[in-house]
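There are 2 protein chains.
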Amino acid sequence: GSELLAAERAKSNVPVEKLQELLFTKQVIERKKKVLDVLKSEKIFDKSQNYFAGRTDRFETALARAKKLRNLRVEHNWSLDEYRVASELISEPGPYGLHDSMFLITLNEQGTQEQRDEFLSKANDYKIIGCYAQTELGHGSNVRGLETTATWNPEDKTFVIHSPYLTASKWWIGSLGRTANYAVVMAQLVVNGKSYGPHPFVVQIRDLRSHEPLENVHVGDIGPKFGYNTMDNGFLLFNKVKVPHISMLARFSRVDPETNEYVRQGSPSLIYGTLTWVRSTIVMQAGSVLARGVTIATRYCAIRRQFQDRDAASGSAESQVLDYTMVQIRLLPLLAATFALHFTGKSMMNLYQESQKKMNASSTSSDSGNRGAGPEETRSGSDILADLHATSCGLKALSSTIAAEGLEVCRRACGGHGYSSFSGIGPWYADYLPTTTWEGDNYMLTQQVARYLLKSARSVLKGDAPSNDTTSILSTFRSRSEIGCAFDIIGSDGDLVSAFAWRASFLTFEALKHRDEQGKAWNDLLVDFYRLSKAHSQYMVVKNFYSALQSPETRSGVDSSTFDVLHDLFRLYALHTLEQEGSEFYASGACSKHQISLARTNTVMKLLQAIRPHAVRLVDAWGFDDWVLDSSLGRIDGKVYEDMFYRASELNPLNKITVDPYPDSEVLFRKVEDSVVKSKL
Amino acid sequence: GSELLAAERAKSNVPVEKLQELLFTKQVIERKKKVLDVLKSEKIFDKSQNYFAGRTDRFETALARAKKLRNLRVEHNWSLDEYRVASELISEPGPYGLHDSMFLITLNEQGTQEQRDEFLSKANDYKIIGCYAQTELGHGSNVRGLETTATWNPEDKTFVIHSPYLTASKWWIGSLGRTANYAVVMAQLVVNGKSYGPHPFVVQIRDLRSHEPLENVHVGDIGPKFGYNTMDNGFLLFNKVKVPHISMLARFSRVDPETNEYVRQGSPSLIYGTLTWVRSTIVMQAGSVLARGVTIATRYCAIRRQFQDRDAASGSAESQVLDYTMVQIRLLPLLAATFALHFTGKSMMNLYQESQKKMNASSTSSDSGNRGAGPEETRSGSDILADLHATSCGLKALSSTIAAEGLEVCRRACGGHGYSSFSGIGPWYADYLPTTTWEGDNYMLTQQVARYLLKSARSVLKGDAPSNDTTSILSTFRSRSEIGCAFDIIGSDGDLVSAFAWRASFLTFEALKHRDEQGKAWNDLLVDFYRLSKAHSQYMVVKNFYSALQSPETRSGVDSSTFDVLHDLFRLYALHTLEQEGSEFYASGACSKHQISLARTNTVMKLLQAIRPHAVRLVDAWGFDDWVLDSSLGRIDGKVYEDMFYRASELNPLNKITVDPYPDSEVLFRKVEDSVVKSKL
Ligand SMILES: Cc1cc2nc3c(=O)[nH]c(=O)nc-3n(C[C@H](O)[C@H](O)[C@H](O)COP(=O)(O)OP(=O)(O)OC[C@H]3O[C@@H](n4cnc5c(N)ncnc54)[C@H](O)[C@@H]3O)c2cc1C
Ligand SMILES: Cc1cc2nc3c(=O)[nH]c(=O)nc-3n(C[C@H](O)[C@H](O)[C@H](O)COP(=O)(O)OP(=O)(O)OC[C@H]3O[C@@H](n4cnc5c(N)ncnc54)[C@H](O)[C@@H]3O)c2cc1C
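Going down the list, the protein sequences come from chains A and B. The opening position of the first sequence corresponds to residue 1 in the working numbering, with each subsequent residue numbered one higher. The opening position of the second sequence corresponds to residue 1001 in the working numbering, with each subsequent residue numbered one higher.
FYI, nobody ran anything at the bench for these hints, they're computed from the structure. This structure is a prediction, so every number in the text was calculated from the model and none was measured. Hints are supplied without guarantee of correctness; some may be wrong.
With a straight-line cut-off of 20 Å between C-alpha atoms, the simulated EDC-like cross-links for lysine to aspartate or glutamate are [what the hints assert, rightly or not]:
id	chain 1	residue 1	chain 2	residue 2
1	A	Lys68	A	Asp37
2	B	Lys1068	A	Asp311
3	B	Lys1043	A	Glu212
4	B	Lys1127	A	Asp311
5	B	Lys1043	B	Glu1114
6	A	Lys606	B	Asp1524
7	B	Lys1593	A	Glu666
8	B	Lys1122	A	Asp664
9	B	Lys1346	B	Asp1156
10	B	Lys1127	A	Asp564
11	A	Lys656	B	Asp1664
12	B	Lys1242	B	Glu1147
13	A	Lys43	B	Glu1114
14	A	Lys671	B	Asp1207
15	A	Lys639	B	Asp1469
16	A	Lys593	B	Asp1207
17	B	Lys1520	A	Asp311
18	A	Lys194	A	Glu155
19	B	Lys1639	A	Glu147
20	B	Lys1656	A	Asp207
21	B	Lys1671	A	Glu581
22	A	Lys543	A	Asp626
23	B	Lys1520	A	Glu212
24	B	Lys1127	B	Glu1114
25	A	Lys671	B	Glu1060
26	B	Lys1194	B	Asp1156
27	A	Lys671	B	Glu1212
28	B	Lys1026	B	Asp1524
29	A	Lys43	A	Glu60
30	A	Lys240	A	Glu212
31	B	Lys1513	A	Asp207
32	A	Lys513	B	Asp1156
33	B	Lys1671	A	Glu147
34	B	Lys1040	B	Glu1088
35	A	Lys656	B	Glu1215
36	A	Lys43	B	Glu1666
37	B	Lys1656	A	Glu155
Derived CB-CB ranges, DEER-like [to be verified]:
id	chain 1	residue 1	chain 2	residue 2	range
38	A	Ser314	B	Val1263	23 to 31 Å
39	B	Ala1521	A	Ala7	20 to 28 Å
40	B	Glu1666	A	Lys34	40 to 48 Å
Even for Gly, the Cβ is constructed at its ideal location relative to N, Cα and C.
Full structure from sequences and hints, please.
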């Protein structure tokens, strides 16, 4: 393996470090390295038993790691960013996960100063450990349908938290199962017999000393999952538990203890911003999530030889499977996607930061953060924030789908060995998969995008001047409704991007016709909406990749032959996507049948060929350390078989067991060598 | 949940039992029930800890189950079929898996009478327990590249089995890791310095009493996998191990111990038949593999309510998510696919049996079974057997891909709860996944199909009379090359099938042009071949589903309104597939843009609506017992939430552990209740 990877690296002159700096900046790379060195030197982060251990052991280790990480943070005085980098490098969910994120964020953003003093400071010190308990057994996407109640009791100025049905049980709550002693509980606020919708309450659930559940609290872990088994997702039922007035997080609304009235105050648009931020993070991460799989599969397919080429002279060596076009067509567009998603995520983050600045200047929106499919008319189309929100929904759905499904493509490209845990792809895929469901189910989010696009299209039809990119592509499309278009998709990059805009606009106006002119039921349009959202998001990715190529950072960051490789990746991503969605492009008139067929049979194949020699260096540029990948197949030195063998033969606890194989003997395990038992607890 | 499922069942009059009999026959259903009753009454088959246990415990239980199953077979005098039914009902791979299948089959088919007496009778009695050791660390698909050698030693009339490199280590071998004491080892036969390619050798690897590896044998389990963890897939290295002459399975070739010459004898076409049989079995099973996921998701989506319909009056109840068209478009075409695959598998099995009869009459082929991409010119196009072989390759690839990817679609359709192991889909999916890789990697098999289609097309071009369905659709296409076609895909079923044939033929001649006229390299055509194989296999599925509808069994098996539902399923499967592959159908001229767009926006949506009321009864007809599904979400009584809660709260061993949550304490588990430790071993 080693020589093959060395030869691959010799064959290309893509400057790995330079490219890595373009992706991440020098500063970020150095920070990562510093943190990585600390982690590697701590025994508890040793990964060698990760793939073998059962759930209980893995959870135990994860808890030990979470504690260690917290202590290292204090010891090394790590910033929040450094702490997050460390978690990413460890690459497994841990029992403090929801405490560190949603619990602290919610206390900070939705608590008053008094509440921050009461809860946040203790939480920051891990004197209390919390989670974010929104989803219930019966309700996830539809937050407004939550059944847990918090009833204001004017007599003693308390709230009673109660789970009236089994389906009201909180469910899926990260860090709740075994770890947390506090929870932010979303519950229907009831004041004076009237319901005011879901509100957040800070509720203690376990004793701070004994860690036993408090009275009338039924809490536990929800059991094993497809992945994410180092996390204790939990359930939580309340039997009329009283909590004091301070429990209701009151920055945006409160119950006045004097008048017993419900009072709104301030603007909750910050929460809405948080949702957008969380989704943007998912977009940002999708590229590197996928890049792990692509790195592993590319390196392995470069060292894996299987069969002689059919047209080769007999006696020649077997081909590297990466040379088969059928392997290339699976991996190289995904390699291109890692860059496309990365640049898209970066641009989303920039937009988000800009919009936050603007919002701080003039805060107007007054809508509380709602997940899932809310009403159609909430946001105005002429608003950058609304655009950002809709874009983040669509891109969250598209990018996490690409990453999740792409990882499985990578795994399968590795043939049989991809199925071994030592490939490192399967476990990573399994842990990532819920990203397609949480923070807005990927199918449902598309309704929000469609709603926004319909709204924008209506504003364009009304003749409003374009106020953002979406309304601007829609008006361009409208303005050419009697002229049509002629995009040179293969010859011109700009035209290629425009073809994506055209198709998305076409689908938008089609959907609008169905809804407004033909009065079709919303439910009958969901499939169209899904396609529309995908089209718009694909346009965004292609546009962002293109802009990144045009940016001064890129132009000055790499030499011209590297630029050409990036440019090839851009074209591969765009043309391969276009070809996959051929019938929509064709139906919209964005290009001709002939162009699509040329793209498919000619251009894409040539781009594969052009990128192929640089594949290994391109994945090297993602800079994954072997320790992070924890993969036999993806080793940077190509010693795949040696590593597979070592792990199977030396580390595998099952090999300490001698069985009795005969059906007429009731003995199962005849002999169990010591070390197994040790490794079990 | 119960009322909702009851209401679903009340709403349709699909006769569940009748339909089930049509799918399986009364006799098979009764046999299944009889076996199931036996299994349910045995404590060892209790599934309640399956989802919780770690690998070692699961393997231990699987071994106990394998033994019990064998003993039950003897006790109840079960036929091979009944034994297989029992394994299917248990639904987990077990340590006798490869002994029961490939080991026994190979001894039987490739051994001489003397060898059968020596090995097979002991194997049948489980006095020796074996496996099938073909794949190596370095070679899977390319069997001819295997590196293990078996060198004939004329002096003492023995073979020396040797693994010259680390990559020669056998790998992935089911039942080998801990259980087997014998292996059929595929090794390069070397006689007199000359290599004769891979041949099967029966080799003892562990002591029959102590079960310790024999001298110079290094054997063990290869470690954890994405699924299949109840099976001990193993590795195996030989350091010059001597085995006697009888070890080489000699039905089709042998080394003459007198002359020391290599001798071929008899016709190995039987082995080639076995490969086809194994692949046909995979096609046959794909329908029911997928049906488990579809059953679970359909039932759950029928009881899951989330959101009010956007166009509904306020105050009305939340919708069943199965009513959302975006859920229907994911699940109902898969429901249709379960029937499509089932009927296709049945027809493949019938063809296989017919061909075996014919072959026994006149055996001519003399080609040994080769997996993976072999030479282009091996088989004649005018041969039912060759057609069956190619069809089985293409359908194996298509059907296992549909089943595997469909299961993930089902899982995701269940939202968050789909991610819990209690959904029953994830674990099932993970165990099924290798089917896309073994018995011919799904991507590579498409080369064999393409090779066969090219060959057939050449014979048509030469003017040979059509000798089977493939050559017949190709000549029809040719004969209309200057006339084109006009298929009424939405109005006529026959035309719909013909449109699939047309597109497959079009792609065949396109590929032929590339290869024969333009002289393109084989490697440059792999992507085209993949598409071609898919197109041809989709045609086969559509055709077989259509034929099944026309058959007297179907016509007489169900009443006319049930027939209409099956007919709707057929059209949904065909039109949805056509719409997904729209640009190929359009490019081939098989139908117009307008037809495709009508199919997509109109016909498919109407079919969803027509099938929706029958969805629950249709999955009921698959007849999965709750015990078999082992799924909270898929319970036949709809008590989803109760069951989720029970498993999490009562069965989950993690809840016996009380942690110390604070980072400043080194204690991890403060208290572990007894039962956990017990459940751990
Ligand atoms: C590993 C994991 C960790 C989690 N951690 C947390 C946590 O810490 N805290 C927390 O509060 N929650 C958590 N969750 C819950 C998560 O947020 C929800 O599972 C998610 O929001 C999806 O909601 P659901 O499960 O109710 O899906 P459902 O809404 O029930 O979806 C079921 C199906 O119906 C479809 N559907 C539903 N409504 C519509 C509609 N209107 N139109 C069309 N289709 C529709 C969906 O697409 C899906 O196919 C976690 C979940 C997982 C899997
Ligand atoms: C769970 C499991 C159980 C198994 N049990 C057994 C067993 O009991 N006994 C046994 O002998 N084996 C067993 N196997 C091995 C199995 O048969 C092989 O893994 C399978 O044949 C694939 O071969 P490979 O792993 O060498 O893939 P490779 O051939 O190395 O494939 C790697 C990649 O290269 C591509 N590729 C390879 N060649 C070409 C080509 N010519 N053209 C285009 N693309 C190409 C493939 O599509 C794939 O993407 C098992 C495997 C698994 C996962």
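Going down the list of hints, with the structure as the test:
| no. | hint | in the structure |
| --- | --- | --- |
| 1 | A/Lys68 x A/Asp37 | holds (15 Å) |
| 2 | B/Lys1068 x A/Asp311 | violated (52 Å) |
| 3 | B/Lys1043 x A/Glu212 | violated (34 Å) |
| 4 | B/Lys1127 x A/Asp311 | violated (48 Å) |
| 5 | B/Lys1043 x B/Glu1114 | violated (41 Å) |
| 6 | A/Lys606 x B/Asp1524 | holds (10 Å) |
| 7 | B/Lys1593 x A/Glu666 | violated (66 Å) |
| 8 | B/Lys1122 x A/Asp664 | holds (14 Å) |
| 9 | B/Lys1346 x B/Asp1156 | violated (51 Å) |
| 10 | B/Lys1127 x A/Asp564 | violated (65 Å) |
| 11 | A/Lys656 x B/Asp1664 | violated (36 Å) |
| 12 | B/Lys1242 x B/Glu1147 | holds (17 Å) |
| 13 | A/Lys43 x B/Glu1114 | violated (58 Å) |
| 14 | A/Lys671 x B/Asp1207 | holds (15 Å) |
| 15 | A/Lys639 x B/Asp1469 | violated (49 Å) |
| 16 | A/Lys593 x B/Asp1207 | violated (67 Å) |
| 17 | B/Lys1520 x A/Asp311 | holds (10 Å) |
| 18 | A/Lys194 x A/Glu155 | holds (17 Å) |
| 19 | B/Lys1639 x A/Glu147 | holds (19 Å) |
| 20 | B/Lys1656 x A/Asp207 | holds (17 Å) |
| 21 | B/Lys1671 x A/Glu581 | violated (56 Å) |
| 22 | A/Lys543 x A/Asp626 | violated (33 Å) |
| 23 | B/Lys1520 x A/Glu212 | violated (72 Å) |
| 24 | B/Lys1127 x B/Glu1114 | holds (18 Å) |
| 25 | A/Lys671 x B/Glu1060 | holds (12 Å) |
| 26 | B/Lys1194 x B/Asp1156 | holds (18 Å) |
| 27 | A/Lys671 x B/Glu1212 | holds (11 Å) |
| 28 | B/Lys1026 x B/Asp1524 | violated (50 Å) |
| 29 | A/Lys43 x A/Glu60 | holds (15 Å) |
| 30 | A/Lys240 x A/Glu212 | holds (18 Å) |
| 31 | B/Lys1513 x A/Asp207 | violated (76 Å) |
| 32 | A/Lys513 x B/Asp1156 | violated (86 Å) |
| 33 | B/Lys1671 x A/Glu147 | violated (33 Å) |
| 34 | B/Lys1040 x B/Glu1088 | holds (13 Å) |
| 35 | A/Lys656 x B/Glu1215 | holds (18 Å) |
| 36 | A/Lys43 x B/Glu1666 | holds (14 Å) |
| 37 | B/Lys1656 x A/Glu155 | violated (39 Å) |
| 38 | A/Ser314 x B/Val1263: 23 to 31 Å | holds (25 Å) |
| 39 | B/Ala1521 x A/Ala7: 20 to 28 Å | holds (22 Å) |
| 40 | B/Glu1666 x A/Lys34: 40 to 48 Å | violated (26 Å) |
Hint check: violations occur at hints 2, 3, 4, 5, 7, 9, 10, 11, 13, 15, 16, 21, 22, 23, 28, 31, 32, 33, 37, 40; the rest are consistent with the structure.
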